[in-house]
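Asks: In case you want the letters, here they are:
Protein chains: 2
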Amino acid sequence: MQQQISVITLGVESLIRSRKFYEVGFGWKAVFENEEIIFFQMNGFVLGLWDKGSLAADTGREMTSGCGAYAVAHNVPEKNDVQAVMDRLAEAGGQIIREADTPPQGGFRGYVSDPDGHSWEIAWNPAWPIDEDGHVKFAV
Amino acid sequence: MQQQISVITLGVESLIRSRKFYEVGFGWKAVFENEEIIFFQMNGFVLGLWDKGSLAADTGREMTSGCGAYAVAHNVPEKNDVQAVMDRLAEAGGQIIREADTPPQGGFRGYVSDPDGHSWEIAWNPAWPIDEDGHVKFAV
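Those protein sequences? They're chains V and E, same order as listed. Heads up: take any position in the first sequence, counting from 1, add 14, and you land on the numbering used here. Heads up: take any position in the second sequence, counting from 1, add 14, and you land on the numbering used here.
Since the hints were derived computationally from the structure, they do not count as laboratory data. Glycine is no exception: its CB is placed at the ideal position from the N, C-alpha and C atoms. Among the clues, some could well be false.
Said to hold, decoys possible - Covered stretches of chain E (chain V as the covering partner; in silico rule of three or more C-beta atoms under 8 Å from a C-beta of chain V): (1) 30-42; (2) 45-53; (3) 66-78; (4) 108-122; (5) 141-151.
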């Protein structure tokens, strides 16, 4: 089976609030939007922000609010970018949940939650190459 | 800022149990593994399965068990593949949470939770092209 994820969908309470976080904080541009969903074309897949109730109904299960056991990471090209991005995200409605520091494996990273509590790691990891299309390769 | 997600990390209780779900169920091959983390090279980013306690400690916050308000999707090339993949995932330790049917926007999809409750949508969406490297494009 193809080693492929097509979509990551985050359930959100308010598309207006979330649009600000993703468009102003990250500076990303939506590729599609209607009254209950926003899609972003990412590096080889699609990120969706979907009304939380609609996502739960589609999935056919209750979804807890707050922070589930997962995280999404955005890697930046320079160490100094980590703090700059975290500050922008905080200004755009995010909350810093871990100040940036050096993890045991090296590099530099901090965590910000989006307005719905989804965990975003902002990381500088010089070992993992990122090409001009944003495609990220595992490397040790 | 680059419109890019580098890593999706799912917190798991048991790497052995999760390895079975992802390697046997999806048929994916890990690119790296140690006693607390498994990485898969995906279509332009990396999927990590990380010991849930270590992920929570790294993130600096408590993480609830069960199902947060998000879902990850794997799109398949043919409508008939949806049920076949869901069955394989269920045999490999997943649980079918929504039987496959046609959503309002068309296509065909069902949902399976992985052994830790992470929601996976298995979808046939003929509108969204997937290239041979697994890169998925938004389209209407």
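Asks: Counting residues of the stretch 108-122 of chain E that have a beta-carbon nearer than 8 Å to any beta-carbon of chain V, does the count reach 3?
Replies: holds (count 3)
Asks: Report holds or violated for chain V covering the stretch 66-78 of chain E, Cβ cut-off 8 Å, minimum 3 residues.
Replies: The restraint on the stretch 66-78 of chain E holds, since 10 of its residues have a Cβ under 8 Å from chain V and three suffice.
Asks: Taking 8 Å as the Cβ threshold, is the statement that the stretch 141-151 of chain E is covered by chain V upheld or broken by the three-residue rule?
Replies: holds (count 7)
Asks: Taking a Cβ-to-Cβ distance below 8 Å as contact, does the stretch 45-53 of chain E have at least three residues touching chain V?
Replies: Three-residue rule met by the stretch 45-53 of chain E, so holds; n is 3.
Asks: Examine the stretch 30-42 of chain E: at least three residues should have C-beta closer than 8 Å to a C-beta of chain V.
Replies: Three-residue rule met by the stretch 30-42 of chain E, so holds; n is 3.
Every hint from the earlier list agrees with this structure, and none is contradicted.
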